[in-house]
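Undergrad: With the first letter of the first sequence counted as 1, position 128 gets the number 127 in numbering that gives the first Met the number 0; the numbers rise by one all the way through.
Just so you know, the hints here were simulated from the structure itself, not pulled from any lab data. Be aware that one or more of the hints could be misleading.
Listed next, with one range per pair, are the computed distances between beta-carbon atoms [said to hold, decoys possible]:
id, residue 1, residue 2, range
1, N207, E303, 30 to 36 Å
2, P517, E303, 35 to 41 Å
3, D739, P195, 46 to 52 Å
4, T159, A454, 32 to 38 Å
5, S426, Q608, 25 to 31 Å
6, G179, N423, 56 to 62 Å
7, E303, D204, 26 to 32 Å
8, P517, D311, 46 to 52 Å
9, P583, S426, 37 to 43 Å
Just so we're clear, the structure is a prediction, and the values are computed from it rather than from any experiment. Positions of the beta carbon are idealized from the N, C-alpha and C atoms, including for glycine.
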Amino acid sequence: MYVEGCHDCPVRGKKVGSRGNPKAGLVYVGESPGVEELRDGEPFIGPSGKLLWVSTPGGDSPEILTTNAMCCRIPGKADENPRLKALKHKASITCSGRLLDEIKAHPRRVIVALGNYALWALTGNYNFKISQVRGKIIPSQYATIGIIPVMHPAALLRGTGNLRQFRRDIAYAHHLANGGAPYQPIEPRYEVFGTPQAVAKAVKDLINQPLISCDVETTGFNSRTDKIIDLGLAYNPEFVYLFPAEVIPHLQRLFALSRSRWLYHNGKFDVQFLRKAGLKARVDEDTLLLSYALDEQKGVHDLETIAGDLFDAPDYKHLVRPYLGKGRTYADIPKGVLYKYRLAPDVSYTLQAFRQLREQVRADVHLEKLYTKTLIPASDLLSYVETHGLYVNQDQVNTNQEVFEGRLAELLTQIKAIGGENFNPNSTYDVAELLFDKMRLPRKRGRSTDKKVLAKLPQKPIIKLIQEHRKVAKALSTYVYAIRDASAHDGRVHATYLIHGTRTGRLSSNEPNLQNIPRAKEQRSMFMAPPGKVLMEVDLNQAELRSLAALSNDAFLCSVYNDPAGVSIHDRVAIKFWGANFTPEDKMKAKNVNFGIVYGITSTGLVEQIGGSKQEAQGFIDMWFDNAPEAHTFIKKCRSAPVRGVTLITAFGRKKRHMIVTRENLHELQNEASNFPHQSIASDITLHAAIRVRRRLIKLNAHIVNLIHDSMLIEMPNNPYVIAAVGKTVITEMQQVPRDWGITRVPFKAEAKVGTRWGYLTDDAYKAALRDSHMTA
DNA sequence: TGGTTTAGCCC
DNA sequence: GTACGGGCTAAACCAT
Numbered sequence: 000m001y002v003e004g005c006h007d008c009p010v011r012g013k014k015v016g017s018r019g020n021p022k023a024g025l026v027y028v029g030e031s032p033g034v035e036e037l038r039d040g041e042p043f044i045g046p047s048g049k050l051l052w053v054s055t056p057g058g059d060s061p062e063i064l065t066t067n068a069m070c071c072r073i074p075g076k077a078d079e080n081p082r083l084k085a086l087k088h089k090a091s092i093t094c095s096g097r098l099l100d101e102i103k104a105h106p107r108r109v110i111v112a113l114g115n116y117a118l119w120a121l122t123g124n125y126n127f128k129i130s131q132v133r134g135k136i137i138p139s140q141y142a143t144i145g146i147i148p149v150m151h152p153a154a155l156l157r158g159t160g161n162l163r164q165f166r167r168d169i170a171y172a173h174h175l176a177n178g179g180a181p182y183q184p185i186e187p188r189y190e191v192f193g194t195p196q197a198v199a200k201a202v203k204d205l206i207n208q209p210l211i212s213c214d215v216e217t218t219g220f221n222s223r224t225d226k227i228i229d230l231g232l233a234y235n236p237e238f239v240y241l242f243p244a245e246v247i248p249h250l251q252r253l254f255a256l257s258r259s260r261w262l263y264h265n266g267k268f269d270v271q272f273l274r275k276a277g278l279k280a281r282v283d284e285d286t287l288l289l290s291y292a293l294d295e296q297k298g299v300h301d302l303e304t305i306a307g308d309l310f311d312a313p314d315y316k317h318l319v320r321p322y323l324g325k326g327r328t329y330a331d332i333p334k335g336v337l338y339k340y341r342l343a344p345d346v347s348y349t350l351q352a353f354r355q356l357r358e359q360v361r362a363d364v365h366l367e368k369l370y371t372k373t374l375i376p377a378s379d380l381l382s383y384v385e386t387h388g389l390y391v392n393q394d395q396v397n398t399n400q401e402v403f404e405g406r407l408a409e410l411l412t413q414i415k416a417i418g419g420e421n422f423n424p425n426s427t428y429d430v431a432e433l434l435f436d437k438m439r440l441p442r443k444r445g446r447s448t449d450k451k452v453l454a455k456l457p458q459k460p461i462i463k464l465i466q467e468h469r470k471v472a473k474a475l476s477t478y479v480y481a482i483r484d485a486s487a488h489d490g491r492v493h494a495t496y497l498i499h500g501t502r503t504g505r506l507s508s509n510e511p512n513l514q515n516i517p518r519a520k521e522q523r524s525m526f527m528a529p530p531g532k533v534l535m536e537v538d539l540n541q542a543e544l545r546s547l548a549a550l551s552n553d554a555f556l557c558s559v560y561n562d563p564a565g566v567s568i569h570d571r572v573a574i575k576f577w578g579a580n581f582t583p584e585d586k587m588k589a590k591n592v593n594f595g596i597v598y599g600i601t602s603t604g605l606v607e608q609i610g611g612s613k614q615e616a617q618g619f620i621d622m623w624f625d626n627a628p629e630a631h632t633f634i635k636k637c638r639s640a641p642v643r644g645v646t647l648i649t650a651f652g653r654k655k656r657h658m659i660v661t662r663e664n665l666h667e668l669q670n671e672a673s674n675f676p677h678q679s680i681a682s683d684i685t686l687h688a689a690i691r692v693r694r695r696l697i698k699l700n701a702h703i704v705n706l707i708h709d710s711m712l713i714e715m716p717n718n719p720y721v722i723a724a725v726g727k728t729v730i731t732e733m734q735q736v737p738r739d740w741g742i743t744r745v746p747f748k749a750e751a752k753v754g755t756r757w758g759y760l761t762d763d764a765y766k767a768a769l770r771d772s773h774m775t776a
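Please construct the entire structure, taking both the sequences and the accompanying hints into account.
TA: Right, here's the structure in full:
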């Protein structure tokens, strides 16, 4: 094959042409051939091709014309290397004539552009980004229906993109090529109900509807300081009722009395604003949580993405964006624009998405259980935890600020005396230059200067200074300034807990993250109980190891946790390793192995913690598993799930699906899989316990103020009766939840600590309260 | 201004 | 040569 464009082409290598029916109505256009394609002279027969064909309805078919934007191979590193990138760009331009000639030779219905280069060559528009336009019909002179941009399968194999979306996009192209109608969102009509009389009329329409979709637009993300601008409701996606903020009080009756099921997209956010405005809002259905139940990957659950995927809803962001920018809020958007392009579509799209997603969840018994029994109740729990917030000890924050700022200034002076006036210890570039170029210290792992590397370098004064500087700088920026600023409004921090933040079912926390506060007493004590109250922390004891024991039914682990004498697992393992006369150091090592096991630790990782040789560490790991063979088998079975194409499912209905397995990511997927079940179960036990106890605690004026994977923090009056009642309630439920969910082979154990400052909670204080209340533990 | 990399904190 | 699961934030750096 030789065409005129090849004269100007900078590559001029061996060429790979097209395959399939030259007259096909459906064309796949890829980027450039890979190694396998070059060898066999056909496009899409390597790993990318395999993924493409398994994602194609009906599989590999000669009725599809398959070709590439470039017919020569461009080395895979081209996107990182500027010289190669320029070459690739030039090649794609010179080759586009050949591509378009081939396409134009016969009438086409649909062209699938796989990746940016295919899209650019087909449209001539280099501003397109595949990640932004994928799955949308782009009109084209070359195809009657148009171009459907889709992520390149190679990108998915590298770990970017989302397989569900990829499959849906390909299926959509086939649907269109086979004469199917384009997905068409319903664009709702809307009306503003701005007077009490108008509201009364709207309420009459709405109050007996079985399902109402609700959304609010606000001036910001903080329900304490920001305000609702407008509220939208709909029971039919064709029509949205809009209510300006000033008439919202007139909706009280609707929210309080309606028997409707209330639908939101991330209702945890909306209901906090609505409750502040005096409405009895509740979340019965939630499209964000439905989407997460169906796909535990992150980054695909915002309403724009869902509506775009399900019915090709237009992206109106660009129409709203010009009115935003620094210092401006949604209140600065003209009402007409806000209603037409934001509020009305959001309310209607939520309803439209719900119809599809709810059915998909209902069709799967595990997901139905997860959604109704865990995700929706968690939304209710967390909207309350977020609103209540965690009290901040401003004195401790101020003290920490003074101490850390003072120390940081000292350190900086000393560091600059060695590194020079312009030396910035926060800059990894500066640190690497000083250590490896000027001081000629030995390099490890490239030019990394992280904690472990510094610890292994010869202990020069500058290294000690940099180590301490990093610690103090972190303490100051992340854990003093952020907490100080976040609590400036009402003396509390109100973190946001994401239900969909992890692939295991753990919660995540942000702004601020209350799940990674340093354990140092003076830092944890930035959080405390307000005057007259105390904090209680209730922890699950070794939750993940107990989960592993229960799931694997391992004889050794089960005997440890069912042991009436209560000899700890660390002691039991130490005895197995060293006999009855083990030393305290031995016990420490045993503890590290025990905790490492649940994370799938390797000998290298274990050496980092306990020292010694790699062989010795491997010996401990082997011995541990020899001693717990059923646990070993269970973990191995989980590890092999990605290769076997098996989806892991927990008792709570959490799933770990294995979408794309490649040689590169296999190891990572196996590690995730082996960790998933016990991590997931441990956090669900905590979450369910919190859901169960919340209302009972409120009657005692006790409030959950933080949740950290296997523990919860509770604020309550400093009264022994209350403390004892709360402790008993929470401990009982944390221990009962696993039994109720069929996790019965080992008991779970919860423990309570009490005090005024988070850094100084003790079990003695809890026991004292039990004594004082004349109750027994 | 926004995205990526490197670092450090937690369970 | 191979690092151990799940997260979030800040600062520097680099591209646009």
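Undergrad: All the hints need checking, so say for each whether the structure fits it.
TA: Now for the hints, and whether the structure bears them out:
no., hint, verdict
1, N207 to E303: 30 to 36 Å, "holds, 31 Å"
2, P517 to E303: 35 to 41 Å, "holds, 37 Å"
3, D739 to P195: 46 to 52 Å, "holds, 48 Å"
4, T159 to A454: 32 to 38 Å, "holds, 34 Å"
5, S426 to Q608: 25 to 31 Å, "holds, 29 Å"
6, G179 to N423: 56 to 62 Å, "holds, 59 Å"
7, E303 to D204: 26 to 32 Å, "holds, 28 Å"
8, P517 to D311: 46 to 52 Å, "holds, 47 Å"
9, P583 to S426: 37 to 43 Å, "holds, 41 Å"
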